[in-house]
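Undergrad: Take the sequences, apply the hints, and build the full model.
Residue numbers (numbering that gives the first Met the number 0), protein chains in the order written: chain A, 0 to 309; chain B, 0 to 339; chain C, 0 to 483.
I should point out that these hints are in silico values taken from the structure, not numbers from a laboratory.
This structure is a prediction, so every number in the text was calculated from the model and none was measured.
Treat the hints loosely; a few may be bogus.
[Stated by the list, open to error] Among the chain B residues that face chain C by a calculated CB cut under 10 Å, a handful are: (1) Cys10; (2) Trp90; (3) Ala93; (4) Phe100; (5) Ile110; (6) Thr117; (7) Arg127; (8) Val131; (9) Arg244; (10) Asp246.
[Claimed, not checked] Some chain A residues well away from chain C (every beta-carbon gap over 10 Å; in silico): (11) Asp39; (12) Ala60; (13) Val71; (14) Gly80; (15) His81; (16) Glu97; (17) Arg104; (18) Glu121; (19) Glu137; (20) Arg140; (21) Asp145; (22) Glu227; (23) Asn246; (24) Ala260.
All residues carry an ideal CB built from backbone N, CA and C; glycine is no exception.
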Amino acid sequence: MKKRMIAVLLLALMLTGCRAEVTEVRERAYVQSAVFSGKDETALTLYPFEEAGDVLESKGANTAAAVEEASVKSGREVFLGHIELLCFDEPAFTEELESCLMEYRLSPGCKMIFLHETELPEDCDATKLTDSLKMEEEKGRIPETDLYHILSEYNGSDGSALVPALTEKGFALCVIDGGELSGVLSDKAAAGLVWLRGKNYPERIAVTGEEGTEDYEVYSADTKLSAEIVKGIPHVRAEISIKGNGNGEAAAGLIKVCCQAAIEETLKEMKADVIGFDACLAQDCPEYYAQQDFETAKWAAEFECVVEMK
Amino acid sequence: MNRISTGQLTCILLLSNAFMLMCISEPVGLESMLGTAVSFAVQFLLCIFILMLYKKGFSFSALCQQKHYIIPCLYILYFIVRGGYSFVLIWNGAEQLSLPFSEAIVTAALIGIVCLYTASLGLRAFARSSSVVFGLLVLSVVILLIGAWQRIDLTQLSLTREITVTGSALHHFSLADTLPVFFVLLSFSDISRRKLKNTLFLPASLILWEIVLFLCITVLGNLLSSAKYPFFLLTSVSQPLDTQRADAFYLITFVLLCVIRLTLFTVLSAHLMGMLFPKLKLRSIIALLLMIGAGAALGAIGYSGSLFCIAAILLFAGAVPAYLYFIQNKKIPTGKETGA
Amino acid sequence: MNDFANESLSSDIRENIQRIREISDNGSDVMVNEFLLSGVPAALLTCEGMVSTSMITELILEPITKVQIASADAERVIFHVQNRLLLSLDRSEAKNYRDLFRFLNSGFAVLLINGASKALVYGVQGYEKRSVSEPSGESNIMGSREGFIEVVRMNMSLVRRRMKTPFLKMELMPVGDKSQTDICLCYMYDRVPESLVNDIKKRLQSAELESVLSTGYLQPFLENRRGCLFDTSGTTQRPDVLCGKLLEGRVGILIDGVPYAITVPKLLCESFQTMDDYSFRPFYTTCIRWIKYLAFLITLLLPALYVAVSLHHPELLNRTLLLILAEAEEKAPVSLTAEAIGVLLVYEIVREAGLRLPKAVGGSVSIVAGLIIGDAAVSSGLISTPMLTVTAIAVISGFALPDLNQPLTLLRLGFILAGGILGLFGIGLLGAAVIFNICAGESFGTPFSAPISPLRPKAMRDVLTRVSFRKMQRGQFTVEEYHE
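TA: Here it is in structure tokens:
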């Protein structure tokens, strides 16, 4: 009796017309990289995987409309779940990142590049660009970022995120705050952020010593942020310990200069926390963190960078 | 005879708790971890009280034999409401999952149909299945840990300004609907085994909750502030494989937990109905249909009453057992026969 | 005609022979040899082809015709034959026609003597039978090469040779209204609870079958009616396997005419164990066993996961895999779900054709299927190479678990449909139903899913691993421990 009833219920459910929306494998366009541009109207350029077809271009009132238009144009459902590189030239696009992550099933590990006053070259090879970016990060020239990291920073209390940028000169770093570009960081600041964020250290540092330019080889490094309240003002200390070989004194000096530049440009000028300053205060100075005017008071913090060479 | 072992009891209740964990939609912080621990401590005290009652020889069948029909009726009502609320959680949660159809109601209907089958197989099959699903849950947690390992950021583990320990404890307690279930389910466990180890589900659930909350806090970090369902967001950002997302795999675990939880409420409601109305047929179907109805009603009124939940849990896992405990010697015979 | 069953034999030999001819409708195979036994009319009845002519001549005809008794009558003759002549080791009596025909058609010689209302029967079987050979279905490397044959008594001897303990009890009983098939219940009476044996006997006796021509006739009576997808009674072709199961407190049922033994209660984990597991080194066996568990999951879920992930969750696929798949599916004329089901159906057709055809032709089926159809289908674009590969892996994985072939074939199709229509959600739903189905299965009160659920940690030594016999010998195990 029960089995019959279950069968009847299943049949009834099928007859209601509620059925799955199935898209066949061949009915999808698999995209490797995408460029979102334009503010009022979103222009979308999709680069499919080499083997999978031609470049798709579309426009729409918003991202969803542009993606839909791309699907219509290509005659296939555009699938963004395998995107490896996401480029955009409008900082406001960061506002849509979270919905894109969920709606288009983007990989949280996909790389992002902000196109600063430049365009992707006509013959742009997405794979090459992604690999170059990855190599920059691997060599410790710029801090490691991906969609997840950018989104996580962007959702922080001050709403600023560190995003790799492509400028006319090559790769750089920029800070986007609340959907607007705060500025592009200098090379020194970018190098300093690598040390302060402490994820991907460079393998060697070129330092100028008495005998000219030489390399300091970095074997391993560790960064620790700590904070304490001194006379009502937070005092943040970045301790960087490095194991390596070479002219340590010169290297330490260079790292200090870079870190100071990074702190000056991000925390002081742009009021952007991209080094985990907020979390450090919350952890080390919970009472200060709990005070009402924390969001405004925290910017008065003093910073100190200590580099220890082993 | 429908007898379940201590291990099976633990698995059933742990899985039911795990379902609630997957469906949490509140802000999460370090305070939540502490609040959860406090809530489990309170639950433990209530459990001891329930065990004391059973030690005195209490049984639901004896209660029905003495024509105390109101109490089983109230429990049936509670299970139907909680089952209905589970349906609401499923179709709310379905929006976050990559399901092949847009109608959330279809999801709930399909799960309901499967529950109809699973409930028809009886409590023993249900208890055994729970052990298997528990194994799969452990596997899922391990995969989640592997995927999230790279993204754990311990600096995120700090106190927040939005959440309080008391608030978190109260909120978690409002989700502790396994306590009334524990009270009824204990009727099916062996009388000689009704010892403190029956409460093993509490520390086990606590560990599970703390692991997931820890991962949510340290992996999601700032993303938590905008996360509607922290667990589902956690699965989408933790990648055990290099580039591809793996959150769809947790869909299987979620479905299994849904089936276990709804089957639990269906089986218990049907069983209590059987005690009250022995001649009533198709009890599982009636219970499940009532749950779907309750779910539709709760969904329509936008029910999310934490206070009501806390009151109900205190009533069904505290006040009623206390009442029964104090009248035990006067009214209810201490029968050795305890099961159904 | 059927009312002879309980009809007693008459003391008049003429009447008896007349009745036997009536009942058998003068059948050509009933041979009646009438003669005088010390002056008393007697008849020796045999069934043609069922007895050994030389044996009957030497053991019965020669001694019996030499009998000389003074003032012989039926009573004295019977007393003499029964007590002074041994004639055969397998001796019995038949008092009614039902028993008489059962003995006669089982290859016994039936001696009727005028004046006696019973017949004396002597086992002189001499029918043709297959010799003991290596079982075709359960090959192994290190174990015995002997398999059961169609003669129940021979099978009993194969078991007895391996288990000389008097605790091994064998009980013969006839089942089947028309076939009167001998079935033999084997069990270690010190390890099997009496209630289980009685329950099995009760179920077998309540089976209103006309005949028992294979194990499948009896299995439904030994399984519960909960719609379990998997067999809750096992079968084996090997006497050594049966002995192993008897030692674990199971009951074996041998059927005359069937080279298989049924074993109850059965557990799911048994399907992953072979005789070789206990011959090889424990580490290797443990590894092989885990490979089998993996094979189980692959054969059941791989095509379904492939379809579900490709159609509904392509983000789960590795980039390279996705591109290979997209390219391969570009020209496919049907949907991925239909393709998967089609390939599996074709495989089942080929398998069935290979099984049923004569062996000489059977080989060519695989050539036609593998080379011609497979190659042509892929090169014409009807089936994509990844799909064929996935299906082939799933099917080959199934070969590692021949015992589970039937339910796995059906479930594989079910999972493909669920995965194709509903994605991983569908697989989860069907998976839940299957888990519950397996856990609901019981065989005489023993959970089919034991010792995984309910969990029996002690039993894991032969489930998750296979410990050496040094450890295995500690603590005797019987399946009764799982009884709930």
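Undergrad: Quick check on Ile110(B) please, does its C-beta sit within 10 Å of some C-beta on chain C?
TA: holds, 7 Å
Undergrad: With d taken as the least Cβ-Cβ distance between Ala60(A) and chain C, does d exceed 10 Å?
TA: Holds, because the least Cβ-Cβ distance between Ala60(A) and chain C comes to about 26 Å, which exceeds 10 Å.
Undergrad: Should the interface hint for Trp90(B) be scored as holding, given a Cβ-Cβ cut-off of 10 Å against chain C?
TA: Trp90(B) check fails; min Cβ-Cβ to chain C is 13 Å, beyond 10 Å.
Undergrad: Holds or violated: Arg127(B) as interface residue toward chain C, Cβ cutoff 10 Å?
TA: OK, holds: Arg127(B) within 10 Å of chain C, min 4 Å.
Undergrad: In terms of Cβ atoms, is chain C entirely out of 10 Å range of Glu121(A)?
TA: holds, 24 Å
Undergrad: Beyond 10 Å from every chain C Cβ: check whether that's true for Asp145(A).
TA: Fine: 15 Å to the nearest Cβ keeps Asp145(A) off the interface.
Undergrad: Holds or violated: Phe100(B) as interface residue toward chain C, Cβ cutoff 10 Å?
TA: With a minimum Cβ separation of about 8 Å from chain C (threshold 10 Å), the hint on Phe100(B) holds.
Undergrad: Taking the shortest Cβ-to-Cβ distance between Arg104(A) and chain C, state whether it exceeds 10 Å.
TA: Arg104(A) not clear of chain C: closest Cβ-Cβ about 5 Å, inside 10 Å.
Undergrad: Minimum Cβ distance from Ala93(B) to chain C below 10 Å?
TA: With Cβ-Cβ at 9 Å, under 10 Å, it holds.
Undergrad: Grab the minimum C-beta distance from Val131(B) to chain C and call the hint holds if it beats 10 Å, violated otherwise.
TA: holds, 5 Å
Undergrad: With a cut-off of 10 Å, does the beta carbon of Arg244(B) approach a beta carbon of chain C closely enough for the hint to hold?
TA: At 5 Å from the nearest chain C Cβ, Arg244(B) passes the 10 Å test, so the hint holds.
Undergrad: Please confirm whether Ala260(A) is truly not at the interface, meaning its C-beta sits more than 10 Å away from all C-beta atoms of chain C.
TA: Non-interface label on Ala260(A) holds, nearest chain C Cβ at 38 Å vs cutoff 10 Å.
In this structure, the hints that do not hold are numbers 2, 14, 15, 17, in rising order.
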